[in-house]
Amino acid sequence: MRSSRTLQLLKHVVCVTALALSLSSPGSAQSMPVPTGAQAELVAKLAGFDRNFAARAGNKAVIILAAVPGDADSMSAALEMKAAFARLPTVGNLPHEELVVTQANPSSLADLVRTKHAAIVYLGPGFEKQIPAIRDALSSLDVLSVGAIPSYVPAGIVLGFDLVSGRPKLLIHVVQARKQKVAFPASVLSLMKVYP
Amino acid sequence: MKLRHTVAGWVLVAGCFNLVAVRSARAEDTSALEGLLSEPIVSSASKQAEDASSAPALSTSLTAEDLRRYGIRTLAEAIDFLSIAVSTSDNLNGGEVGARGVLLTGDHGSHFLVMVDGYAVNDPLRGGSTLGVGAGTPIELIDHIELIVGPGSVLYGSNAMFGLVNVVTKRAKDYDGVHVIAESALPISMRAAAGAGTTFTLFGQAGELTTQLEYYKQKGPDLFFDVENTGVDRFTGRPGRNSRDGDQTGLWGGARAKNSLYAESPSALLRLALGNTELHLQASYYKHGSPTGTGDFDDPDTGDRETRASIGLNHRIAVSTLLDVSARAYATYYENKSAFVASRGVLCPFGTVTCNYVDSGKAHWIGLELQSSWDWFRDNRFVTILGADARQRSVASTSETRDIETGRSLYPAATGLDNSDVILAAYAQQTWSIASPVKLSGGARVDSDPRFKPVVTPRIAASWNPWANGTLKASYSTAFRAPSWDETDNSTSRRIQAEDLRPEKVQSVDVNLEHHVGAHRLIIGGFYSDWNNLVELAPLSDAEVRNAIRNGQTKVPFTPGIQLTQYRNTSNVTNYGLNTGFEGSLHSGFFLYGFTLTGAIANKRTGDSSTRLPVAPQIFGNARVAFVLGDQLPTLALATHFLGSRPADLSNGQFTHDPFARSQMELRLTLSGDAPFLKALSYRAMVNYAVADRGAYVVGPVTSSIPTQPTAQLNPIDRFRTTLGLQYAF
Numbered sequence: 001m002r003s004s005r006t007l008q009l010l011k012h013v014v015c016v017t018a019l020a021l022s023l024s025s026p027g028s029a030q031s032m033p034v035p036t037g038a039q040a041e042l043v044a045k046l047a048g049f050d051r052n053f054a055a056r057a058g059n060k061a062v063i064i065l066a067a068v069p070g071d072a073d074s075m076s077a078a079l080e081m082k083a084a085f086a087r088l089p090t091v092g093n094l095p096h097e098e099l100v101v102t103q104a105n106p107s108s109l110a111d112l113v114r115t116k117h118a119a120i121v122y123l124g125p126g127f128e129k130q131i132p133a134i135r136d137a138l139s140s141l142d143v144l145s146v147g148a149i150p151s152y153v154p155a156g157i158v159l160g161f162d163l164v165s166g167r168p169k170l171l172i173h174v175v176q177a178r179k180q181k182v183a184f185p186a187s188v189l190s191l192m193k194v195y196p
Numbered sequence: 001m002k003l004r005h006t007v008a009g010w011v012l013v014a015g016c017f018n019l020v021a022v023r024s025a026r027a028e029d030t031s032a033l034e035g036l037l038s039e040p041i042v043s044s045a046s047k048q049a050e051d052a053s054s055a056p057a058l059s060t061s062l063t064a065e066d067l068r069r070y071g072i073r074t075l076a077e078a079i080d081f082l083s084i085a086v087s088t089s090d091n092l093n094g095g096e097v098g099a100r101g102v103l104l105t106g107d108h109g110s111h112f113l114v115m116v117d118g119y120a121v122n123d124p125l126r127g128g129s130t131l132g133v134g135a136g137t138p139i140e141l142i143d144h145i146e147l148i149v150g151p152g153s154v155l156y157g158s159n160a161m162f163g164l165v166n167v168v169t170k171r172a173k174d175y176d177g178v179h180v181i182a183e184s185a186l187p188i189s190m191r192a193a194a195g196a197g198t199t200f201t202l203f204g205q206a207g208e209l210t211t212q213l214e215y216y217k218q219k220g221p222d223l224f225f226d227v228e229n230t231g232v233d234r235f236t237g238r239p240g241r242n243s244r245d246g247d248q249t250g251l252w253g254g255a256r257a258k259n260s261l262y263a264e265s266p267s268a269l270l271r272l273a274l275g276n277t278e279l280h281l282q283a284s285y286y287k288h289g290s291p292t293g294t295g296d297f298d299d300p301d302t303g304d305r306e307t308r309a310s311i312g313l314n315h316r317i318a319v320s321t322l323l324d325v326s327a328r329a330y331a332t333y334y335e336n337k338s339a340f341v342a343s344r345g346v347l348c349p350f351g352t353v354t355c356n357y358v359d360s361g362k363a364h365w366i367g368l369e370l371q372s373s374w375d376w377f378r379d380n381r382f383v384t385i386l387g388a389d390a391r392q393r394s395v396a397s398t399s400e401t402r403d404i405e406t407g408r409s410l411y412p413a414a415t416g417l418d419n420s421d422v423i424l425a426a427y428a429q430q431t432w433s434i435a436s437p438v439k440l441s442g443g444a445r446v447d448s449d450p451r452f453k454p455v456v457t458p459r460i461a462a463s464w465n466p467w468a469n470g471t472l473k474a475s476y477s478t479a480f481r482a483p484s485w486d487e488t489d490n491s492t493s494r495r496i497q498a499e500d501l502r503p504e505k506v507q508s509v510d511v512n513l514e515h516h517v518g519a520h521r522l523i524i525g526g527f528y529s530d531w532n533n534l535v536e537l538a539p540l541s542d543a544e545v546r547n548a549i550r551n552g553q554t555k556v557p558f559t560p561g562i563q564l565t566q567y568r569n570t571s572n573v574t575n576y577g578l579n580t581g582f583e584g585s586l587h588s589g590f591f592l593y594g595f596t597l598t599g600a601i602a603n604k605r606t607g608d609s610s611t612r613l614p615v616a617p618q619i620f621g622n623a624r625v626a627f628v629l630g631d632q633l634p635t636l637a638l639a640t641h642f643l644g645s646r647p648a649d650l651s652n653g654q655f656t657h658d659p660f661a662r663s664q665m666e667l668r669l670t671l672s673g674d675a676p677f678l679k680a681l682s683y684r685a686m687v688n689y690a691v692a693d694r695g696a697y698v699v700g701p702v703t704s705s706i707p708t709q710p711t712a713q714l715n716p717i718d719r720f721r722t723t724l725g726l727q728y729a730f
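Chains P and C, in that order, give the protein sequences.
Per this note's numbering, the first sequence starts with residue 1, numbered consecutively.
Per this note's numbering, the second sequence starts with residue 1, numbered consecutively.
Worth flagging that the hints you see were computed from the coordinates, not collected in a lab.
For every residue, glycine included, the Cβ atom is placed at its ideal position computed from N, Cα and C.
Watch out, some of these pointers could steer you wrong.
What the hints assert, rightly or not - Derived CB-CB ranges, DEER-like:
| no. | chain 1 | residue 1 | chain 2 | residue 2 | range |
| --- | --- | --- | --- | --- | --- |
| 1 | P | Leu189 | C | Gly106 | 34 to 44 Å |
| 2 | P | Leu88 | C | Arg719 | 46 to 56 Å |
| 3 | P | Lys60 | C | Leu322 | 28 to 38 Å |
| 4 | P | Ser187 | C | Ala685 | 45 to 55 Å |
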C-alpha cells in the first residue's frame, strides 16, 4: 500500500518536472566542451607564439570577454574566463586586463575592440547565428578572436577549442587568422586542427 | 631496509622521468603547450568538467586513438592494457574485475559502477556489469573512457566500491557519415557492425545523432581440459556420470571443449541530442556458454543469457549565472536466464537422470535524478552541487530443477522473488578553489533502501600545486554496495534465503602526486582501504543443512552429504599499496609510451583468521609503445599487461596443495592505418600471445581434494590469437 502511494508520488514528480523543463526557456544550444580554466591557460600560452601579439597588445594585453545579453550560459562563460585569466600572471608573456561585455551587435563589438585596443576577443556560447557577421566585422582588425564553441571556428573565428578523446584540441581558421594578422609558427599549427 | 629501498626506487624513477622529460622539453619549444593538450579532462569524479590531475580521485582517461592503435576490442581489454590500478580476470564465464589488489570473485562485476554516457549499466537484478564482449558498447563509438579509481558512492550511490567506469561515446562530428566494420579473431569469432553519425538543425536548434548496430558471434576456442576423476558416486555406488549421455566412468574432461565455449551478442546504441536535451538508447543480448563449472563436461546448455535495454533522457537549463539545473529520467530492463546441467548423484538426485537447474530473473527500474549547480561567485571558485535521485524498481525470479530429457520437475520450485520498492537518495558536494594552487572538495550522499538503514557516504579531498606542473592530492572517500534483491531475498534449490544481510562498505585514504613536463605525465600514489561486511555465498555446515531442511528453508529433501549455501556478511578486507604510472609522447607524437604498475596487499579477515584474497594479483600493470609513422604509413604498437602470481579462487585449504596461478604476461602487437589506395578503408591487425597457459580459477567438478583427484585444475588460456579488422567509412 505504502509502496503504491510512493510510486504515485514518484509519477507526479516525474510529470511536474517534465512540464517545468519543457516550459523553461532554453539556454545556449551548445555548451563548452573544454573547461574555462583549461581554455584560459591555452590562450595564455598560445598568445606567446603569435608573432604579432606583442606589437598588437603593447604594454598590456586587453582581453574582451563577450557574452550574449540575456544568455546565462554565455555570461557564465565570460565571468568564469575572467576569473581563470585573473589566476594567470601573464597572457602571451604580458600583463593583462579583462573586460566583460554583453554585446550582440557585431559592428559594436568591432568598435569596442578598436577603441579598447583589445589584443584578444573571446566569444562565449550563444553567438552561433552571429558568427558570420562577427567574422566580417573583425576581418580588418588586428585581433585574436577566440570562440568557446568548436563550431565557431569553421564559421570564421580564428581560434577555438574542442574536446576529442577526452583531451583538449585546438582549432584554427587559417584564412581568418591571416586577415586578423594572427601568425602562429608551423610547430604550433601542427598541434591544431586546421580549417582552410 | 625494505622501505628505504622502495623509497630510493621511487626517487630514482622520478629522477629519470624528469631527466627524460626535461631533455625532451628543451628539444621542443611547444612542449608546454603539448602538456596542456595532453592533460585529460574528466567529468565523472565530481560531475564537473575538470583536469584529471586536480579531480578528487585517481582519474584517467583512455582515448579512442589508443583503443584503436593498441588493438583494443572490449572494455576489459582497455582496462587491462591501458588503465592504472584496475585489472580484469578471465574466468571463461564473462570475466571479473578488481582494483588495487582486491578482486571479489563471483561478484558479477557488482563492485564497479559502469556507466555509458553517465547512465548506469549495472543490472537491477544483481547489480552486475559486463566488461567483455557482452558489454553492448561498440568500441568504434567510444570517444574516451573515464576511470575513477577508489570509492565513489558520494555522487553515484551503490556499487562504486572499486570506482567507476564512464564510457563517453563520440559526438556526431567525430563519427560523421556511415561506418561499416568487420572484425574477426581468426577463426573463432566474427563481429559485424554498422554505425552512423550526422548533425542537423531542428526548430532552430543544433542536433546530432550517433548510432551503431553490432552483431558478435564466437565459437571456440576449443580449449583442452585435463581429465578429472570424480570417483565413486555415493548415491549409485558406481563412478558418476559427467555427461548427459555418457557412461558411468567418473571421468570429466580429457578432451577439447567443442560445444561450451561460445558467445553471441547483438547490441545497439543510439544517442540523439537537440539543444540541451539528450536521448540515450541502448540494448543488448548476451548469450554465452560456461565450460568450467562442476556440472557435465562441455554441455552446450550450461551458460547464461542476458537481455538489457535502457533509455535515458537528459535536459539541462542554465537558469542564471548563479544556477544551472539538470534533470535526468531513465529506465532499464534486465532479464537473465542461467542454466546448469549436471548428472552426478551429488548434484542431481540419485545419479540416474540429468538435471537442468534453471534460474530466471527479470528486473526493471525507472527513475528521475534532479541536480542543481550553484556557482555562488559566478567564477567557478565556490560551487555547490545538490542532487536527488528517486528510483522505482521491481524484480521477479524463478528457480527450478527439471529432468533434461523429460522436462519433469525434480524438486518443488523455489518461491523466487516478486518484489518492488522505491529507493531515494540525496547528495551534496562543495568545491572551493581557495587560491590558485589549492582546491578543496567535500560532499556526502544519503541512500535510503527499505531493506536497510540509510547509508551515508562522505568524501573529502584536497589538491595542491606545490610547484609548477605538480599536483599533490589527498582524499578520504567511502562507498557501499547494497546487496541485490537476489542476495537478500531469493532462494534456489541449493541456496537458502539470507538473514539480516547488511550493505558492504569501504573507506579509503588516498594520496597521489602528479607531475607533468611537456607531454610527459607521472603519477605516484598510495592508498589504504578498509572493506567491511563483504557478502559471500557461504557453504552451510552439516548441522546448518539439517536445521535448514527441518525449518523448511529449502525444498530439497534431506540427503546425506548434500551441499547448501547462503549469502552472508562473512568477511572484511584490509587493502593498501602503491600505484604509479607514466605516459607521454616524443617527437610531436611520433613515439608514444605508457607504463603503469600497482603493488597492493589485500588481506581477508574471516573471524579470527586472515588469508590472502584469492584471484587478486598483488602486483600488476601494463606497458605500451607505439610508432605513429604518418598519414600514409601504418601505426605499429606493442602493448602488454602483466599479473603477478596469485592464489586460485579455491585456495583456502580445499586442496592438499593450495592452487596458485603463475604470473601472466599478455603481449599484443597491432598494425593499424588507412589502406594505401582507398582512403575510406582502414584496417587493424593484431597478434596476441599469453605467456602462461593457465588462469586463476579452479575448473571442473572437483572443488576439493578427493582420493581420486587430490589436485586442482586451473582454467586453460587461449594463448595465441590473430585478429583482423576492416572499417569502411563513407
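The hints, checked one at a time:
no. : hint                            : in the structure
1   : P/Leu189 x C/Gly106: 34 to 44 Å : violated (54 Å)
2   : P/Leu88 x C/Arg719: 46 to 56 Å  : holds (53 Å)
3   : P/Lys60 x C/Leu322: 28 to 38 Å  : holds (31 Å)
4   : P/Ser187 x C/Ala685: 45 to 55 Å : violated (33 Å)
Consistency with the previously given hints fails for numbers 1 and 4, ordered from lowest to highest.
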